[in-house]
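*Asks:* Construct the complete structure from the given sequences, taking the supplied hints into account.
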Amino acid sequence: MTFQVVFNLYPFNESLYLPSANIIRADADGQLTHFVQRATTDTIIPYGIGLTPQDRTTVAYRRPAFAQSPGNKV
Amino acid sequence: MHIVDLLSPKALETKFKPTKARVALPLAQLLSEKDTRPLVERFLFGQLDVFLSEITRHRLPLTLDAQRKTLAKDVLVTHAREELVPHLFFNKNAEGIEYRLRLGMGESTWSPRERNILPLTNTDPAWLLVDYVLFRVPGINGNMVKPFRQKDSVLIPPDKERVYFRQFIAKSIRRSRVEAEGFRVEKNDTLRTTRLEPVENVLEHRWLLKPVFEYDGAEFGYGERRDRITSLDIPEDDRAEITVHLICRDEQTENERIGVLKGLGLEEDGRLFGQPGENNLPALLFFLTRHRRELERAGYTIVAPLVDGKMLALAACDISVRSEAAGDWFDVQGRVTVGLHNFPFQKLLPFLRRHDPYFPLPDDTWFLIPEEWFARYADLAGAVQEQGDTLRLPKVLYTVLQESLPETETPAVPDIDPEKIDYQPSENLKASLRPYQLTGVKWLIGHYRHGFGACLADDMGLGKTLQTIAVLLYAKETSPASEGASVPSTAGADGGPRLQLDLFQEYKQEIRPLNALIILPASLVFNWQRELAKFAPSLFVNPHVGPKRLKDARALAGFDVVLTTYHTARQDLALLEKTGWRFIILDESQQIKNRESEVSKVVRSLSAKHRISLSGTPIENSLADLWTQMEFINPDTLGAYKSFREQFQMPIEKHNDERAKTRLFSRVKPFFLRRTKEEVAPDLPQLTQQIFYSELASEQRKRYEQVKSAVRNEILSLFDDPKTRLMALQALTRLRQLANHPLLTDPEYTGGSGKMDDVLAQWDVILRSGHKVLFFSSFEQHLRLFRHRLEAEKRSFAWLTGEVPAPERAREVERFQNDASVQVFPHDARRGWGRAQPHRRPPCSCSIPGGTPPKKTRPLPGPTASAVHTRSRRFVLSPATPSRKRFCCCRSANAGWAKNCSPPGRSFRHWTGKMWRCCWGNLHVARTSVRLTRTGQEYLLTGFTKIYRILPLLLSVKGDVNCEGTERVASQKRLRGFRDE
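From first to last, the protein sequence lines are chains A and B. Under the numbering used here, think of the first position of the first sequence as 3, with each following residue one higher. Under the numbering used here, think of the first position of the second sequence as 717, with each following residue one higher.
It should be emphasised that the hints constitute simulated quantities derived from the structure, not laboratory data. Remember, it's a predicted structure, so these values are computed and weren't measured experimentally. Glycine is no exception: its CB is placed at the ideal position from the N, C-alpha and C atoms. It is possible that part of the hints are untrue.
Sample of chain A residues lacking proximity to chain B, with all beta carbon distances greater than 12 Å (derived) [said to hold, decoys possible]: (1) Ile47; (2) Pro48; (3) Tyr49; (4) Gly50; (5) Gly52.
Ranges of calculated distance between the beta carbons of each label pair, as one might list FRET restraints [said to hold, decoys possible]: (6) A:Pro48 / B:His1071: 56 to 62 Å; (7) A:Arg40 / B:Ala886: 39 to 45 Å; (8) B:Lys736 / A:Tyr49: 58 to 64 Å; (9) B:Leu871 / A:Gly32: 38 to 44 Å; (10) B:Thr794 / A:Tyr12: 17 to 23 Å; (11) B:Thr794 / A:Ser17: 20 to 26 Å.
*Replies:* Encoded structure:
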């Protein structure tokens, strides 16, 4: 049994879909089955999932980058 | 850029928290308030566009609204292979404008209502999920799709049509396919021009051409999919009619123009074109300049490239440089043409010197100097000297001119090819020149005729001195002032000029001396003096050395050749400067390699018309040595040292710059001649080496085997005893003695010796042929056996063993060299052999390797070794070439030297440079020895010239040597005595 990071678009409201990253279990045929856990750089380690550079760009990290700078304040 | 985290509601709420608020507002509230909504949406959809682009580009798995209990594969999104193209339809009728949107790929289109469409963003490009397939739709935003999810068309009432068009349609219409009915349509498909833009691929450092098709109001790049552009003209006047402008591409004309590019040899590279192989900017500019007319005729407009803010000129360029000989100079003139601009070559020089390719033109454009011009003229630019409006190049740099200008533009350059020099050795030259020496003399004469300095850098032993003497004789005899003058045939006894004047004939013409100053190490003064006296007795020579040397410049000017040392030259600079020298010759010219040293400065400051340097190693440490050599023989050829260091030394030594190497080689090549022994080997006498293997005499063999067996048994019985090693060495010596002659181990022996008999048989043959024979053996007793034989035959012989007192040794060497009746010289290899001059060397030498086995080939004791040892007893007769003899003699010579000279307990091999200097510094041997000490074994070979020359002195000295002060003078006297004889 293997695990894979799969991105998901979930409806925040009827006109807005936001992304998330999940760890999904794959069956023996490689078919994606069920949600296991939210994917972060920390949570994927026990599942033996290696992050590709693309994953690193998109997947969630425990400490978001924006937290380091005030960003655009309204 | 961790997009998923950035787009989490919590992160968005934190990011857009009002500055003064304590608590962040919920995202829903941020999106509902009109102040915050545009900001949040702009950020959110911008990041979402990046997220979806990454997901699509890398085909990452994506689900839509996956729940914990749903199977992910059921909600998996597929990535579309192509983008969707929006099609807009407008139909104007009495009720208003009916507006329809259809989406599709290629020719098939469908209405958004027919599919399950979910707009993900409201920015352009739109991202749509169509039946779980993710599409990118450039040209529209997501909001434009929303009205068509429930209905096929939207009716725009007449009173709102202009507002609607301005706000929603006008921006999207240019990137969509538009069909309009009931509007005034203006169609344009005229290709006005095709722009050809040079563009740089920064990552690959390539310059390519980008064709852009320009139509009225629109332009299309090559390879772009759009075949038309629609725009709306919505007049401010509400009564005026809306006009649809339709710009359609003319595919046929576009293809024709692309065909022109391909016809010129350009290759397609994506949407760009490049030259096969060459893709740098100069090559591209050259292509555009060369084909400019053809391209313009084909409808292209070439855009000049902008590099570093400089607009480069696209114009044909040409350069023309000519030169004329003018005395010791070449006058160089040239013109450069770039398009309509014409300017002198002189203006280009600073740019060529600093390798700056951008030359400003008067019309504010920049001319990119072709790389080919740098390759051709950069060296010339660095060498010419600007004098007003003219450029001058020193004659010695004629090779620079040859490489820069075609033959037709080059004036007659000096011809120094030895093949073309007409020279026959003078009768006054009392030596026959070997072919390579004749070539060397012609080469020197070629330089002499053109007033060039030269460096003869032949390997040592090839006769640099003789070649120089031949040139001096030539110069003396071809000098206009001495024509018809009677040249005395011999020098005076005191070394001064002695004129043979006829008392009955009026002396009409002034005899002009040659005035050659030869500066050399002190140890070579007497050698030069002797060789000048021998080979050119017609030259008046004065050794300007020692405390009694002449102090009058007029007296010095009366000699043909003045010999002095570097040290004396430094002391007598003022005196030597007063004499007008025609020649200054440096022997061992590497002595001036340190340009900062006083000697080097002094020597270079002396003026002379012709300069020659002699050195087997003109470059020892770095290229700075080469600069000093060139600065002496041809001043200013390589420029000032600082410039030389920047142009040549640093690029070559630090960066191994091949171009700088080539340029430097080109400049110095005409003035250096170096031949190695290998190169001139065909001109040297053949080396003949005969190896005789001697069989042991029967009684001798018996004793040999007895000793060998006894030693073997003893060693085996004491195998682990440390004494075994010593015992083995002793046994080896004993076996060697037995192999030579059993009498060496047993005075009572009455039998014969195979080796002794063979040697004597060969010896007789050699002696009868009139040759001389050197005998080497490390066993003095062995030599005595031969001595008894010589005395019995009443033959004259020289003798050199440890028992001969030091002063006697030099005399023995001299006897052997000079006395024709002395044909044999038994010689203890450990005492050192005074190497004779090549021309005085005995034609034969005999060594007995069995007596002095080299350490590296010494056989080991044992059953196998004994056989080897027996075979090693051989008798070598070698009529030696200079190199061969030198090599053979070297080892023994140094061995004797070491014993006499080295401090107690220290072998000469371990002497430090300081010790060498201390002993031989004043004889100018120390430098060579020091240099060789650093490189270990090599010093034995290279330094042998010196060792040989002072060997008679060495043989006369016991204990530590101190040549300082008076001892030095005494040593020189001894040496001079030896040489004079």
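*Asks:* Please settle this one: Tyr49 (chain A) was flagged as non-interface, so is its CB more than 12 Å from every CB on chain B?
*Replies:* holds (15 Å)
*Asks:* Should the hint that Leu871 (chain B) and Gly32 (chain A) are 38 to 44 Å apart at their CB atoms be regarded as holding?
*Replies:* violated (50 Å)
*Asks:* Evaluate the condition: distance from the CB of Gly50 (chain A) to the nearest CB of chain B exceeds 12 Å.
*Replies:* Given a closest Cβ separation of 17 Å, the condition holds.
*Asks:* Is it correct that the beta-carbon of Ile47 (chain A) has no partner in chain B closer than or equal to 12 Å?
*Replies:* holds (17 Å)
*Asks:* May I ask you to test the hint 39 to 45 Å on the CB atoms belonging to Arg40 (chain A) and Ala886 (chain B)?
*Replies:* For Ala886 (chain B) against Arg40 (chain A), whose Cβ atoms are near 44 Å apart, the range 39 to 45 Å holds.
*Asks:* Does the hinted range 20 to 26 Å hold for Thr794 (chain B) and Ser17 (chain A) at CB?
*Replies:* holds (23 Å)
*Asks:* I want to verify a distance hint. Is the separation of the beta carbons of Pro48 (chain A) and His1071 (chain B) within 56 to 62 Å?
*Replies:* holds (60 Å)
*Asks:* That 58 to 64 Å hint for Lys736 (chain B) and Tyr49 (chain A) (C-beta), does it hold up?
*Replies:* Violated, at about 43 Å.
*Asks:* Confirm or reject the statement that Pro48 (chain A) sits farther than 12 Å, beta carbon to beta carbon, from all of chain B.
*Replies:* holds (19 Å)
*Asks:* For the range 17 to 23 Å, tell me whether the beta carbons of Thr794 (chain B) and Tyr12 (chain A) fit it or not.
*Replies:* Distance hint for Thr794 (chain B), Tyr12 (chain A) holds at roughly 18 Å.
*Asks:* Taking 12 Å as the cut and beta carbons as the points, is Gly52 (chain A) off the interface with chain B?
*Replies:* holds (14 Å)
Hint compliance for this structure: hints 8, 9 are not met, and every other hint is.
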